[in-house]
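Undergrad: Protein chains in written order, with the numbering used here: chain A, 1 to 160; chain B, 161 to 825; chain C, 826 to 929.
Worth double-checking, as some hints may not be accurate.
Which residues of chain A face chain C? A partial, calculated answer using Cβ under 8 Å [claimed, not checked]:
1) Ala29
2) Ala34
3) Gly48
4) Val90
5) Ala111
6) Ala128
Per the computed footprint, the stretches of chain C lying under chain B, defined by three or more beta-carbons under 8 Å from a beta-carbon of chain B, are [unchecked claim]:
7) 877-888
8) 894-903
Since the hints were made in silico from the structure, they are not lab data.
Built from N, CA and C at the ideal position, the CB exists for glycine as well.
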Amino acid sequence: MNTGAFIAIAIVTLSAAMAAATLRKLMHAALSFALAIVGLAAFFFLVGAEFVGLALVFIYIGAVAVLIVFTILLTRRDVEKDHGFKWGGVVIAAAVFAGLTWSILKTQSTAIVAPQIRALTVKQIGQALMTTYVWPMQCVGLLLTAALIGALLLVIEEKP
Amino acid sequence: MNFRFGNYFWFIPAAPFAVSLVILSLSNTRRKAAAALAVAGQALALVMSIMAFAKTLQMPDSRIVANFTWFTFGNQTLRLGFVLDPLAAAMLVMVTFVGLCIFVFSVGYMADDKNFTRFFAYLSFFAGAMLGLVIANSLLLLFMFWELVGLASYLLIGFWIERPAAAEAAKKAFITTRIGDMGFFLGMLWLYNRSGTLLFYDRGNGCLEAAGLATVGASATFIALLIFCGAAGKSGQFPLHVWLPDAMEGPTPVSALIHAATMVAAGVFLVARVYPIFSLGAINGVTPSLTVVVWIGVTTALMAALIAVAQADIKRILAYSTVSQLGLMMVSLGVGGVAAGIMHLLAHGFFKALLFLGAGSVIHGCNGEQDIRKMGGLRRVMPVTFATYAVGMMALSGVPIFFSGGWTKEEILQVTAHWPQSHVPYYLALAGVVLTALYMTRQMIYVFFGESRSASAHAHESPRVMTMPLIVLALCAIFFSLVLTPAWPWLDAYLIGEGVRFDLARLIQPMLFISLVLVGSSVALGVWIYGKAGVPDGNRTADVDPFEYVQPVLFRFLAHKMWIDELYQRTLIAFSWMCARLSDWMDRFVWDGLVRGFGAFGQVFGIFTARVDERGINAGVDETAAGARGLGRLLSAAHSGQIQTYLGAIAVGMLALLLLYAWLA
Amino acid sequence: MTPTLQGFLIASAALFSIGLLAALSRRHAIFILIGIEMMLAAANLNFIAFWRFGQQHQPPVGVMIALFSIAIAAAEAAVGLAIVIAVYRHYRSTNVDEFNQLRG
């Protein structure tokens, strides 16, 4: 792991996230969100969790970001209006960040460097999914199905 | 593929259960799918049962046991299991085969019923519960399936729920068997207390194996008697037999299933299964518990046979004949003839299913009429039903040589005759045999011979889907005797676990002649008495039973089932009614009086405090209320209805918790 | 020199706070959802970081939880966006300040 790479990724990710949170145009914000997710995936690649990184890219950019874009298009009439910005949220968010950072820095046991580990293969993850985690995985499958049906039911147009 | 069937025989009950669930989830209109599924499930169970049976044939005198841990409670481990031995395998084949015939028959019989799919779901459930009961290797697991059988019978007897009589009968069956089950449950707890395990076979540690039996010791008699309570309830033994004839209120295929393959067989099967507990410490094959079994059995056999003589409902006659035959099986088990008892159970399963389905066919043909005095002359209209019914009747009456029932009945008489304790059961059993032939002859004459009367005038033969099972079962009732004859007692040897050899000389036994003479003479007697039944004869009118004409008082006594129901009504039920009245009275006047007294005291106290309240406290409370209202207004202002406010509050709360935690650490 | 666990945790905390900012400050419902997704992603980064820096187990628990949480986040996003559309149909607006039927 390289500190330079870490800092670069952190800067890209956090500035993209900041842009997603603050940009006026909704569409720009959604694209910035996708960029932030790419940065996050780069973090995962950096620590050796390549599979999770890929999953993140596929799911967040391939599905969630696209969904957000679709939603923006479907609620277009309203998008053009600027709903404004609440400054109270900034105060709370800054306070939360300060509190978290303070407690992280205070905890000395987190000031460690990464141990050497053997690479995590997709095979290992697959085996874990099919043995120890087979029931959770089935449940997640069920949950996704339920979410799919639920989302459909929510947006279905009632015939007058 | 190293798929070893032996370890998977628990699929057999699983198949009907699964089918039952699937059918329940179908809509009410998918009639064909429901019937096809039920029959397919049962056929699958039959195929698997035959495979299991073949497995036990390959390795005689051994059993396949599959135990598993259900749950661990502290350091107690509760284990359940399944067992496959000759007893279980023979029962499996009989239950699935007879069940399959009944399922197919039901497709025709229930064709017009509006709850067709529900019927097949229950039927499959019933078969599955029974199959599970047969292969259970733990008294607890057996008890679970036992209760499921009870539940299924409740659902099926009361299937025509809109008829009050059916609902009553279902309730009666459930409650009566529950009384016996209470004993069963107590016996089971006692057994667990003594032996620490409820597994039957567990590599030498089960409660039916030497080590387990040794720990049971002297309490075996009581445990056995308590378990027999359950068996008596399910198998309709005196004094708990009252539910069985009432169970006729269910659809006829259900009666067939209850009386032939499932419910009532469970009691006999249970006694056979835990036979080592019954026979523990036997001297010369006699133990106190087995003696009780013999006397209960013989009482039941004779009493039911007597009652059957005076019944007019075609199904009720068969019901009492079942009670009587079950009594005979219990006698056989009690005197030590386990194999004979089970063989009779298997043979009885075939021909009783045949008789019930035949009766169903008759009822179907006569448009729902069940009174035999209104039938007659059906021999010409319903030839297939008549022929198969005649086979069933002869098998039940114990006509020797050609019919399965004859051989097993002789076997039972044989072992009963050699019981060292007493010869009375033997003679009483003989009397029961005579009566059986008599009432069956009476029924045949009423239903199939003579002139057609009111109900049979427009009778018609049943469709093929109903007659085919009859023919198959009739063939079984005949050819099943091939493996029962003393010359080649294959089934007997299989159940005991010995080799078999062919010896024609043993075919001729004194018992053969005794039963030949008995059955022949009683059929002749039946023809002589009832030959002119249903037609006027001398001073007797057509609707009076010939026996009733000669002995009206005795006939009425029997026709009213010896007034046992009325006796229970007057004694047990009256007693519990009285107890209820007494507690009602206690509640109303004693406890209620006390409560009222307290109430009055509270009232006086209340008046006193009300005075204090009005003047002293009330003013203060008003102030508090006003304050609370103000606070409420203040708090409700915080509920802006804006999710972002809520979210921000959550974030602040989280931050506070985080800081608190960091500060504490 | 390599980054420490603290570095990852602070990056995650920053991402979380930015997500919170988006959820609290923007009035558009879709922004709130984006913010929530960012907070979830920050939590995932924590899981992965602790997996990488902590004791190694087989199966890799941290990675598995992150995978499941991604799947659940996807379900949540689908339902959330559907709700946004449904609410938009009802109010003809996506401004959360206008959704105040539960006002006390």
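Undergrad: Compare the structure with each hint and give your call.
TA: Hints, verified against the model:
no.: 1; hint: Ala29; verdict: holds, 7 Å
no.: 2; hint: Ala34; verdict: violated, 10 Å
no.: 3; hint: Gly48; verdict: holds, 7 Å
no.: 4; hint: Val90; verdict: holds, 6 Å
no.: 5; hint: Ala111; verdict: holds, 5 Å
no.: 6; hint: Ala128; verdict: holds, 3 Å
no.: 7; hint: 877-888; verdict: violated (count 0)
no.: 8; hint: 894-903; verdict: violated (count 0)
The structure does not agree with the numbered hints 2, 7 and 8 stated previously, though it agrees with the rest.
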